[in-house]
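No gaps in the numbering here: position 138 of the sequence shown is 138 in full-length UniProt numbering, and each next residue is one more.
What the hints contain is simulated information worked out from the structure, not anything from laboratory work.
Given the structure is predicted, the values throughout are model-derived calculations rather than measurements.
Glycine included, each C-beta is placed from N, C-alpha and C at the ideal position.
Do not take every clue at face value.
Cross-link-like lysine-lysine pairs, in silico, DSS-like; alpha carbons within 27 Å at most [claimed, not checked]:
#  : residue 1 : residue 2
1  : 448       : 253
2  : 214       : 107
3  : 253       : 305
4  : 253       : 230
5  : 448       : 214
6  : 230       : 179
7  : 179       : 314
8  : 284       : 305
9  : 239       : 448
10 : 305       : 214
11 : 448       : 284
12 : 284       : 433
13 : 96        : 284
14 : 127       : 179
15 : 420       : 448
Beta-carbon label-pair distances, calculated as ranges [stated by the list, open to error]:
#  : residue 1 : residue 2 : range
16 : 493       : 376       : 47 to 55 Å
17 : 147       : 194       : 24 to 32 Å
18 : 298       : 401       : 42 to 50 Å
19 : 67        : 168       : 12 to 20 Å
20 : 468       : 340       : 30 to 38 Å
21 : 479       : 101       : 45 to 53 Å
22 : 345       : 373       : 21 to 29 Å
23 : 71        : 361       : 51 to 59 Å
24 : 401       : 81        : 45 to 53 Å
25 : 325       : 490       : 29 to 37 Å
26 : 361       : 168       : 55 to 63 Å
27 : 81        : 194       : 36 to 44 Å
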Amino acid sequence: MRISTQQYFDTSAAKYQNNYAGVVQAQQQASSGVRVQTAGDDPVAAQRLLMLQQQKDMLAQFSGNITNIQSSLTNEESVLTAISATIQAASQLALKAGGVTSDADRKSISVEVGALEDQLLGLLNSKDAAGNYLFSGSKTDTPPYSRNIDGTYNYQGDENELSLQVSETLTVRTGDTGKTILEGAANNSRTQSTYTTPAPVPPATTPSQVNDNKVAISAGLITSSVDYSKSFADGQPYKVTFSSSTQYVVTDKDNNDITSQLPGNGTFDSTKEGSASINIRGVKFDITVDLTDKATGPDADAMVKGREFTLAAKPDTFNVSRTASNTSPTQLTNATVSNPAKYASTFPANSGVLVKFSDTDSSAFQVFAQPYNANSKPIDSGVIDTTTTPNSITVAGVTFGLSGTPAVGDQFAIGASTQKTQSALDTLSQLRKALEQPADGIPGARVKLQDALNAAVSNLTSSADQVDNVRGSIGARQNALTVQSSENESVGLANKSTMSALANIDMGEAAINLTLQQTMLEASQLAFVKISQLSLFNKM
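Model the full assembly from the supplied sequences, consistent with the hints where possible.
What follows is the structure in structure tokens.
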């Protein structure tokens, strides 16, 4: 086979270029210490290095997230510590008020309670360094709590707890919502006692006893949530009938005598502290008998005998707000649960409802679950009642009176309080109002005041426990972040070692390879020079 001169020169040039490229690559590897300069150097290693680099970037992001979460949790824990101190101070004031005997002193304490109430509101509406509200969930530009005109409070945030990813499999919450911190605290004062005047005994035509506040039963405090939920609610309302100044009988809603099921079997001693109470299925009611103008014995028995009280859970309450765009001044008033079954199945207790009067007929309305949007579908509808309960509307089992005639397009937002939970803000508001009311020389006022103080102490304890639970969860999250940070560092070190093994080159090997490539280049140069000078004329 003959090889042309041009073909020989082309082949030699290509060979020379390859050898030269090998020398250049060897020089770059030796000078940089990096073996894989391009994907072509080692496609498999290059792909692996790309994956490891992505993992390295993710670990850097995780590290930044961990730092941000730790900063946020440290800030939250500081605020929660102040909240706990505020609640504890308020509880001490409630205990102090129990030993105060004058209206003036109690009013002075109410001022202190009001200051703590304002302080707690400010703490709950705290912001972070970026100006975002800490406890509003995802609504970081909305204050978590607002105060209503009547002194109650509304939570305006949502329940969406923000979180960040700190590993491929772990996401950690950056904070907590006001709903988690306060709204879940159990309300231990969700029962009530009502004096009931017994029907006259024939041939008498007048009631056998009027309420002169000589005998009273407290509003009650829940001592066992389990017993309350399982038993108390099913048997209410209960009727307590006193047969003497030392005995009573309790019947349930079906008029079954349950006295024998209760501690003490229907006996009490009003002259001994702590010995006059009724414990009914997880709820404790205290009995107060004023015998200052009566001797014990027959006279005391006659004064107490026949008095009756009804013990039951407090009914749900409702708060109504008019939409600012309403063209009529009409208000919804006097809320009453008229259809318990429908109320339980239809009314969304956690979010409330929106009542919208028709745009064409002001007597017709539709009811929507909150939050309302353009795609919401009605859960109830109706018209203004003009017969059964004149000038009223019934919304998901709840009947409201109308203060006037609504206009077309009027809207009302309605929220429900089931009494099951109560925030510390509402507890402080109720305590402050109770201390502001005069009690000196007013029959029955002292009992109501003591009810308010007992409720405040118990509910503030529940709120403190709730805050402590959240603080405990913060500690758990901080521990998890510490462990995960250490784990991420270990993965990062392993990642770095693997990348180094794949990408870097042994310097001794690099030096040998460079010498080899240079030798091959020089050899190819010498061979080309000698062969290119050969000619047929040299054989003649």
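We went through each hint and held it up to the structure:
1. 448 - 253: holds, 25 Å
2. 214 - 107: holds, 26 Å
3. 253 - 305: holds, 21 Å
4. 253 - 230: Given pair residue 253, residue 230 holds - Cα atoms ~15 Å apart, limit 27 Å.
5. 448 - 214: holds, 13 Å
6. 230 - 179: holds, 25 Å
7. 179 - 314: holds, 22 Å
8. 284 - 305: Holds: residue 284 and residue 305 sit about 21 Å apart, inside 27 Å.
9. 239 - 448: holds, 20 Å
10. 305 - 214: holds, 12 Å
11. 448 - 284: With Cα atoms ~16 Å apart, residue 448 and residue 284 stay inside 27 Å; holds.
12. 284 - 433: holds, 24 Å
13. 96 - 284: holds, 22 Å
14. 127 - 179: holds, 16 Å
15. 420 - 448: Since the Cα atoms of residue 420 and residue 448 sit roughly 21 Å apart, the hinted pair holds (cutoff 27 Å).
16. 493 - 376: 47 to 55 Å: With Cβ atoms ~54 Å apart, the hint holds.
17. 147 - 194: 24 to 32 Å: holds, 30 Å
18. 298 - 401: 42 to 50 Å: Given range 42 to 50 Å: holds, Cβ gap about 49 Å.
19. 67 - 168: 12 to 20 Å: For residue 67 and residue 168 the Cβ distance comes to about 18 Å; the hint holds.
20. 468 - 340: 30 to 38 Å: holds, 36 Å
21. 479 - 101: 45 to 53 Å: Given range 45 to 53 Å: holds, Cβ gap about 50 Å.
22. 345 - 373: 21 to 29 Å: holds, 23 Å
23. 71 - 361: 51 to 59 Å: holds, 56 Å
24. 401 - 81: 45 to 53 Å: holds, 46 Å
25. 325 - 490: 29 to 37 Å: Since residue 325 and residue 490 have Cβ atoms about 59 Å apart, the given range 29 to 37 Å is violated.
26. 361 - 168: 55 to 63 Å: At roughly 58 Å between Cβ atoms, residue 168 and residue 361 fall inside 55 to 63 Å, so the hint holds.
27. 81 - 194: 36 to 44 Å: 41 Å Cβ-Cβ, so the 36 to 44 Å window holds.
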